[in-house]
Amino acid sequence: MKERALLQRMRSPKGTAGLIILSFFTTIAFAAPVLAPYYPSDVSSSPLLAPDRDHPLGTDDVGRDIFSNLIYGSRTSLTVALVVSLGVLVIGTLAGVFSGYIGGKIDRVMMRGVDIFLMIPDLPLILILAAYLRPSIWNIIFILTVMGWPVGARITRAQTRTLRVSGHVNFARVSGASNWCVIKRHIIPDLYPIMTTTIVMQSIRAILSESGLAFLGLGDPSYPSWGTMIKYAISYPLVFFSNAWMWWLLPAGICITMLVLGFVFVGQAMEGDK
Amino acid sequence: MNSGDQMKLKEKSISFLISLIIISSMLFSTAAGSDTGDGQQEKVLTISMSTFTTLDGGFPSPLTLNPRGGGYVMTSYCFDTLVWPDETGNFIGLLADSWESSDDGLVWTFHLREGVKWHDGEPFTSNDVVFTLDYIKNKPLVTAVDASWYNTAIMERVEAPDDSTVVITLTQPYAPFIPLVAGVIPIMPEHVWKDVQDPAKYSNMDAAIGTGPFILEDYDMNHKSYKFSANEDYFLGRPVIDTLIHIQTSDAVLSLKTGEIDESNLAFDQIQALNGSDYLKVISGPSYSVYRLRFNIPSNDILNNTEVRKAIYHSLDCKDIVNRVLHGGGIAGNSGYVPPYSKWYNPNVTQYEYDPEKADMMLDKAGYQQRDKDGVRLDPEGNRLEFQLLYCSDQKSQRLAELIQIYLKNIGISTVLKSADMQTVDGLVGEGNFDLAIYMHGTTNYPGRMLNPLPAITGWNNTEFISLAKEQIVTTDEDERKELVNRMQVLIADNVPTIPIMYKNLYCAFNQDKFDGYFYTPDGIGGGSYMEHNKLVYIYGSWNGETLRTTEGGNRVTANSIGILVSLAIFVSAFIFIRRSSRRP
Amino acid sequence: MDRKRLWHIFSRGLEYSITFFLILIINFFIPRTMPGGPLLSITGSQNADLPVVLDEETKYELMEYYHLNDPLHIQFMQYMADAAQLDFGYSITHNIPVLDIILGRLPWTILLMGSALVFSTFFGIALGIESGWNRGRKLDHALLMIMPVLRSIPPFFLGALMIFVFSYRMGWFPLSGALTPYIDYTGMADQVRDIFSHLALPMLCLAAFEMPGTYLLVRNVCVQQMEKPYVLMATARGLKERNIKKHVLINSTVPVVNQIAAMLGFLVGGAVFIETVFSYPGMGMLVYNSFIERDYPVLQGAFIFMSLCVLACNYAADIACSYIDGRAGQE
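Chains as they are written, first to last, in my numbering: chain A, 12 to 285; chain B, 1112 to 1696; chain C, 618 to 948.
Do not rely on the hints blindly, as some may be mistaken.
Claimed, not checked - Sample of chain C residues lacking proximity to chain B, with all beta carbon distances greater than 12 Å (derived):
(1) Ser708
(2) Asp717
(3) Arg722
(4) Ile941
To be verified - Straight-line alpha carbon distances no greater than 25 Å define the calculated DMTMM-like cross-link-like pairs of lysine to aspartate or glutamate that follow:
(5) Lys621(C) <-> Glu282(A)
(6) Lys1248(B) <-> Glu678(C)
(7) Lys1154(B) <-> Glu1575(B)
(8) Lys1454(B) <-> Glu1328(B)
(9) Lys1154(B) <-> Asp807(C)
(10) Lys1312(B) <-> Glu678(C)
(11) Lys1338(B) <-> Glu1270(B)
(12) Lys1484(B) <-> Asp1505(B)
(13) Lys116(A) <-> Glu632(C)
(14) Lys1305(B) <-> Asp1353(B)
(15) Lys1392(B) <-> Asp1412(B)
(16) Lys1338(B) <-> Glu632(C)
(17) Lys1454(B) <-> Glu1270(B)
(18) Lys1338(B) <-> Glu1328(B)
(19) Lys755(C) <-> Glu282(A)
(20) Lys1338(B) <-> Asp1197(B)
(21) Lys1312(B) <-> Asp704(C)
(22) Lys1430(B) <-> Asp53(A)
(23) Lys1484(B) <-> Asp1412(B)
(24) Lys1248(B) <-> Glu858(C)
(25) Lys1154(B) <-> Asp801(C)
Unchecked claim - Cβ-to-Cβ under 10 Å is the rule here; a few derived chain C residues that face chain A:
(26) Glu632
(27) Ile640
(28) Phe773
(29) Leu778
(30) Phe781
(31) Tyr785
(32) Ala853
(33) Ala919
These are computed hints drawn from the structure, not numbers from a lab.
Heads up, the beta-carbon is just placed ideally off N, CA and C, and yes, glycines get one too.
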């Protein structure tokens, strides 16, 4: 029944728009080798070409095809979004359900720990950690997951607390079902809406953080990333004096914005906005 | 009650709007009023070191400057050395009038200039020179400059037989004594510094008192800006400008065009953006800055093989790399490490032209003829020939790394790119924790600084090279020394301890209608700082005074910004108020 | 009631102190385990102007001078004792006390973040109420489209676009920095104008980054309140729109204050990007630069200071909320 409600909500204009955007980028990510005329690291062309038939968006300062990099960039963003959100979901849900279900002192201690985590200004810390672990896509994913799970845990725990005292869970417990069984049968399914919200929120956060770190020069250089493209475009001294900004800077920025917007729309649709 | 309330609301909203308009018009009017300047023209020159945007030169005292942010230039405005290079690269006397050395090159006698005064009016004497050299020598090494720029270890003792003579005795003959010691160490006033225990932490305004052509007015660490005023009593003559300002700008081209700055050093790409501005004059110079590929010679068995390094050299098309990375703003590297424009350049060394087939053959011969299914070579044990390529995360190095990766792939060597910030790269290389690394650094046109450190910065320990290096530094005969340096280059080219991929050129542009006379000092100032900011420029240059170039009028236009902001605020607030009052239930 | 509130304030304070202590510990260990080490910042890098070759003895001397040879626990004790006096040591690149550097940067960040916060809160609330009140109408729809877009644009990209449009093309605003160095101001107004023209773009950028959150929150509160019986009653009774909005405003104060407090840490992150893009000399730029230069003492000091500010603001918000709304004081 819950799933049906969710589907209903997704049919709203916002939900539809969001889903269309997301499936668009997912398709691009999967079909990247077919769509992209060049391999992203191919530097066989002349640098700084304006768009023409061979290079729909021209080439960058070492002669890589911008269009191909843009297409492959969606893979990086989506991978980071997917892995980070799943990681946060798993850790956050486990911690949240555990803490909320057990209750008592353990719950209080855990939630205080989560609170502490939540209050540390994360970007300066991410900056330090990212440099310490050296730029690699897995390290970025690791850092974002570590910094993100407390948010997931907090929401899940609150919901678990509510569910725990609700009728059907109580009934199941009184009827002698094991704890694990209760959690699996009665609590986890009721957490689905919250889980989807967590995935959406964490994806947004992951995409923005990944591109931000790449922009600051902490990204993984061996994967094409939209943030890195913006960084290079801006540091090319002529980008604002010629038309290069139109095909170099703008597309990458628009891609990040659109992808995030897709998630935001889906998130809002799930919360019932039309 | 209803209508009364409405009236009140309307009144309130109207009065709010009016007050906003009044405030904004006030801001507009003050902006307009600020345009009228006063009559007298002060000769102010504003310049920027745009290639150092994130760095800061530090407080301009000889012991607090930050050499990486161009701090030596700032210090040289306030402080003089005994001698100083002019436009031709020859050394003229600043604090010294004349100087001579004994035949064995061990004893140097400097006859000081008479009548020189410190900025605070105290007379300058030979005691200050003795004090400075002893002070720097005896203090623990606490700053970067101290450790790397001031070579005081070479001095055995410094004496002052009278008020205007200084005698310096060296521990051993030192060929580049004038350019690297006498022309580098700024002389500090004894009466200011004699009680300072920790010079690295001494940054009162007093610490900038020198004898130089400019007096420090202000240094703002947060905005990384400096303001100097002319030293009226400067012994070479008063500077032709009254005020010299160094500021940071995020886009030097735009700032030059709007007249916000009058001079800036630029990257080659930026020069292209200047076209159409005839009043901006561009000069260029050699930087002796090298982009090179470093090998982990001591601990990587494969790269320890000279044949492999030669093969890698043959696989790289350095000319193509220069075009792609610097877009033409540099020249391809020379296998002897010394750039072709140097007077020490030896053309008769082994050359490694771009020849991937030859490289393939050499690698086959070295025992790496087996390849796996991806075309990557295998060593005799069947391991892939795969190296980690470490580089600094700045744009040029990154681009260079990407290109090297492609070239090496051509000859069956796989590379894994790994970028980090400058310090991390240094740390990893220092620990020997790398295979290949890309380095970009300056060198100087002094063999002692350009070639002698090579074993330390490549990990290549060649006893013949080291003994040649030791010999050339104490050889005072120029021809003999040139011969030794030639032999060093032959050794480098034969052994390929590192691959110099390219040398970058330097460019700067300035508003010649306002001030003219910039030049690149041939061997650099301060023993190898290749900047156009030789302080003599401001004494011998010419002030042309075309100050107000209001083509695009930087500041004047920005005056509107507050108006725009306020208008925006008014618009939005008005919108809200109007909506509010228009929809009555 | 009062005792309860005092207890609440006290226990929250204790919690914040523990958090701060943990931050101090994290802050101590992380930079020390980074490769490269602080010595390279002192001697300059081989990638810099001139390659520096140091012998072991000199290296040791330098390490000794900066107390980097001591055992870790002694370094830590020293660090805690110094931190208690807000003494974060000397900057390695600037050779002046870290506190001086931070105090030099802090006003700019407070100006930037403060004005952005005021701006975004004011317009966030105003637009949120308007939107909620006109639920389902054109204005509401338009805002509901614009706000998510604002939220989705990465701050550094928005900053770059703003610089391009308003500084390069229009020439309305200066490119970067916080003021024009060494110009002779004709008066107070001139100076204010100069500072504000530098502030405008980064402030708008940061505000755009923060506003959607406030807007959505206020709009939701507004929509909820409007469905409450008393509002329906009031409307039916012909009560003025303004009074009802006032009511909504009061009701949204607590969540908005809480939300702003929660956003602060996030806002600091946004400020790092925006200050980097605009070269605005605030704390964010300081963190980024000292990170690039590996100026450990500054990096540590700045991180602690930022955390302290965020915690203090959170604490203040907590207390404020418990006064505004008594219920928050009870679990």
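Hints versus structure:
| no. | hint | result |
| --- | --- | --- |
| 1 | Ser708 | violated (9 Å) |
| 2 | Asp717 | violated (8 Å) |
| 3 | Arg722 | violated (6 Å) |
| 4 | Ile941 | holds (25 Å) |
| 5 | Lys621(C) <-> Glu282(A) | violated (36 Å) |
| 6 | Lys1248(B) <-> Glu678(C) | holds (14 Å) |
| 7 | Lys1154(B) <-> Glu1575(B) | violated (56 Å) |
| 8 | Lys1454(B) <-> Glu1328(B) | violated (40 Å) |
| 9 | Lys1154(B) <-> Asp807(C) | holds (22 Å) |
| 10 | Lys1312(B) <-> Glu678(C) | holds (17 Å) |
| 11 | Lys1338(B) <-> Glu1270(B) | violated (36 Å) |
| 12 | Lys1484(B) <-> Asp1505(B) | violated (34 Å) |
| 13 | Lys116(A) <-> Glu632(C) | holds (16 Å) |
| 14 | Lys1305(B) <-> Asp1353(B) | violated (31 Å) |
| 15 | Lys1392(B) <-> Asp1412(B) | violated (51 Å) |
| 16 | Lys1338(B) <-> Glu632(C) | violated (48 Å) |
| 17 | Lys1454(B) <-> Glu1270(B) | violated (35 Å) |
| 18 | Lys1338(B) <-> Glu1328(B) | holds (5 Å) |
| 19 | Lys755(C) <-> Glu282(A) | holds (21 Å) |
| 20 | Lys1338(B) <-> Asp1197(B) | holds (24 Å) |
| 21 | Lys1312(B) <-> Asp704(C) | holds (15 Å) |
| 22 | Lys1430(B) <-> Asp53(A) | holds (18 Å) |
| 23 | Lys1484(B) <-> Asp1412(B) | holds (24 Å) |
| 24 | Lys1248(B) <-> Glu858(C) | violated (80 Å) |
| 25 | Lys1154(B) <-> Asp801(C) | holds (14 Å) |
| 26 | Glu632 | holds (7 Å) |
| 27 | Ile640 | holds (6 Å) |
| 28 | Phe773 | holds (5 Å) |
| 29 | Leu778 | holds (7 Å) |
| 30 | Phe781 | holds (5 Å) |
| 31 | Tyr785 | holds (5 Å) |
| 32 | Ala853 | violated (26 Å) |
| 33 | Ala919 | holds (7 Å) |
In the structure shown, a violation is registered for the earlier hints numbered 1, 2, 3, 5, 7, 8, 11, 12, 14, 15, 16, 17, 24, 32, in ascending order.
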